[in-house]
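Hey, can you work out the whole structure from these sequences and the hints?
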Amino acid sequence: MSCPRVRFAPSPTGELHVGNARTALFNWLFARRHGGQVVLRIEDTDPDRSSPLYEAHLLLDLQWLGLNWDEGPYRQSERLPLYRHYLDSLIEKGLVYPCYCTEEELEAERKSLLRRGLTPRYGGRCRSLTAEERGIREAEGRLPAWRFKVPPGPIRFHDIMRGDMQFLGESIGDFIIVRRNGTPAYNFACVIDDHLMNITHVIRGEDHLTNTASQMLLYQALNFEPPLFAHHALILGQDRTKLSKRHGDVTVAEFRRRGILPQALINYLALLGSSLEGKGEVSSLDELVGRFSLERVGRGGAVFDEGKLIWLNTLYLRREPVENIIPHLRAIMEENQVRGERVEEIFLLVRENISTLRDVLTYLKAFNDETFELTLEAKKLLTENKSKEIIRAAIEGLKDMPDQGGDIFSQVYKLLMEKTGLGGKDILMPLRAALTGKKAGPELDKVFSFLGKKRVLDRLQKAIILS
4 MSCPRVRFAP
14 SPTGELHVGN
24 ARTALFNWLF
34 ARRHGGQVVL
44 RIEDTDPDRS
54 SPLYEAHLLL
64 DLQWLGLNWD
74 EGPYRQSERL
84 PLYRHYLDSL
94 IEKGLVYPCY
104 CTEEELEAER
114 KSLLRRGLTP
124 RYGGRCRSLT
134 AEERGIREAE
144 GRLPAWRFKV
154 PPGPIRFHDI
164 MRGDMQFLGE
174 SIGDFIIVRR
184 NGTPAYNFAC
194 VIDDHLMNIT
204 HVIRGEDHLT
214 NTASQMLLYQ
224 ALNFEPPLFA
234 HHALILGQDR
244 TKLSKRHGDV
254 TVAEFRRRGI
264 LPQALINYLA
274 LLGSSLEGKG
284 EVSSLDELVG
294 RFSLERVGRG
304 GAVFDEGKLI
314 WLNTLYLRRE
324 PVENIIPHLR
334 AIMEENQVRG
344 ERVEEIFLLV
354 RENISTLRDV
364 LTYLKAFNDE
374 TFELTLEAKK
384 LLTENKSKEI
394 IRAAIEGLKD
404 MPDQGGDIFS
414 QVYKLLMEKT
424 GLGGKDILMP
434 LRAALTGKKA
444 GPELDKVFSF
454 LGKKRVLDRL
464 QKAIILS
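Numbering-wise, the numbering used here puts 317 at position 314 of the sequence shown, and it's gapless, one number per residue.
If you are wondering where the hints come from, they were derived from the structure by calculation, not from laboratory data. It cannot be assumed that every hint is accurate.
[As the list claims (entries may be wrong)] Taking lysine-lysine and the DSBU-like style, the derived pairs with C-alpha atoms no more than 30 Å apart in a straight line are:
1) K428 <-> K368
2) K382 <-> K456
3) K441 <-> K389
4) K382 <-> K441
5) K449 <-> K428
6) K382 <-> K428
7) K442 <-> K402
8) K441 <-> K368
9) K383 <-> K417
10) K449 <-> K368
11) K457 <-> K383
[Stated by the list, open to error] Okay, the calculated beta carbon distance ranges per label pair:
12) E107 <-> E290: 48 to 58 Å
13) D167 <-> T378: 58 to 68 Å
14) E107 <-> I329: 51 to 61 Å
15) S287 <-> R458: 38 to 48 Å
Every residue, glycine too, gets a C-beta built ideally from N, C-alpha and C.
In structure tokens form, the structure reads like this:
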């Protein structure tokens with residue numbers, strides 16, 4: 004395959020949804036697999052919904068995921084004269100017409116079609132207006148949108164993933180290509196930009212299939228060679244409907260805030276509904292590039308399983324080199340205004356006991372701040388007589404014991420077994436609760452070693468007071 008050019012073209016109307024991130028990933032993997040280029044285009048022609056702040060968030064999310072681009076970002080809002088040029092061309096050819104219908108009129112038509120069980124589409128009210136009728140509407144102060152004249156009959160195109168596709172022009176209806184405010188509608192701007200940017204492959208979600216039918220008409224009308232198309236299946240919620248806001252906050256930014264690593268999210272999105280698995284559970288971007296093909300991306304919708312994502316994140320937290328994790332941990336700390344020393348040391352201490360980077364925050368507080376909070380479970384445990392007996396015996400034993408780093412714990416544990424006749428979790432859980440504020444957590448020999456004898460004694464004595 005000669006050097007392909009793909010594009011990712013988000014609208015800056017909100018934070019990057021994981022479904023759109025998956026589309027960006029598929030485009031990126033395809034381009035890198037075939038030595039191609041990725042073009043980033045910002046589709047910001049809707050001034051009421053687009054925001055520079057959201058654009059900045061989109062760029063940040065893509066960079067955080069490791070999905071770099073080769074050209075752009077191009078902004079459609081900076082290319083308006085181009086779209087006007089091609090609109091004039093279609094006007095000269097008689098392939099478009101001005102539409103003066105108000106939003107109220109269009110909504111009434113839509114509701115009427117729905118009541119009759121018909122698919123909403125424009126009925127062509129303004130298609131045959133005379134010059135005089137147009138003049139009357141303009142005298143009323145109506146600004147026209149421009150609609151493309153959709154011819155009757157089949158619209159055919161080939162999809163790399165789905166084979167030959169066909170839509171009927173009658174089912175689409177005349178669609179708007181330029182809004183009343185002069186900004187281009189999605190299908191019109193998309194066709195022009197894909198052509199001028201020499202895009203060879205359009206890889207996007209299956210919810211764009213009807214858009215592709217409309218775009219094929221525009222390619223023909225403008226005498227453009229269309230790119231190749233591939234429409235992948237969508238991500239579904241647990242109810243098997245398209246994953247959306249009503250399923251919760253499923254944006255890249257939210258998962259970053261919750262302490263999911265970018266490597267884990269990328270790995271999960273790549274494997275979701277595809278057959279890109281390698282020999283192990285985790286794969287690097289380079290490994291995914293080597294295995295990627297559109298044929299290995301499933302045609303059926305895949306259900307988003309947050310539990311599986313967290314499980315995968317847990318694996319990355321345990322296996323990824325610490326130098327790749329600490330920058331993300333420090334970003335989470337800064338966002339949550341958590342300070343602490345010996346950050347890397349604490350992470351290594353608890354990495355086997357966490358599922359997200361946010362889990363580290365409570366340990367950072369526990370190991371750096373002597374006023375750390377105890378969980379309700381830990382508090383309840385420390386009020387039990389058996390726990391009090393363990394803590395008191397540990398205090399007495401520690402007082403006369405030399406500080407020997409990691410050896411302290413084994414000596415304390417042996418002493419407690421002899422004095423109380425207890426063992427296992429009956430000893431470990433009260434000690435862990437007193438020292439970390441949690442019933443479960445890192446191995447106690449490491450905790451003793453990290454804190455040292457003096458801090459261990461201080462915490463045990465405070466636990467007696469609290470209980």
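Can the restraint linking K428 and K368 be considered satisfied, given a maximum Cα separation of 30 Å?
Measuring from Cα to Cα gives roughly 24 Å; hence the hint holds.
Is K449 within 30 Å of K428, Cα to Cα?
Since the Cα atoms of K449 and K428 sit roughly 16 Å apart, the hinted pair holds (cutoff 30 Å).
Does K383 pair with K417 here, judged by a C-alpha cut-off of 30 Å?
The given pair, whose Cα atoms are some 25 Å apart, holds under the 30 Å limit.
Restraint check for K441 with K389, where alpha carbons must lie at most 30 Å apart:
holds, 17 Å
Keeping to a limit of 30 Å between CA atoms, is the pair of K382 and K428 held or broken?
holds, 16 Å
Regarding the pair K442 and K402, is the alpha-carbon distance no greater than 30 Å?
holds, 24 Å
Against the range 51 to 61 Å, how does the distance between the Cβ atoms of E107 and I329 compare: consistent or not?
holds, 57 Å
Is the hinted pair K382 and K456 satisfied, with a Cα-Cα distance of at most 30 Å?
holds, 22 Å
Is the straight-line distance between the alpha-carbon of K382 and that of K441 30 Å or less?
holds, 9 Å
S287 versus R458 beta-carbon gap, inside 38 to 48 Å or not
holds, 39 Å
Does K383 sit within 30 Å of K457, going by the straight-line distance between their CA atoms?
holds, 25 Å
For the pair we were handed, K449 and K368, check the Cα-Cα distance against 30 Å.
holds, 17 Å
Checked against the numbered hints above, the structure violates none of them.
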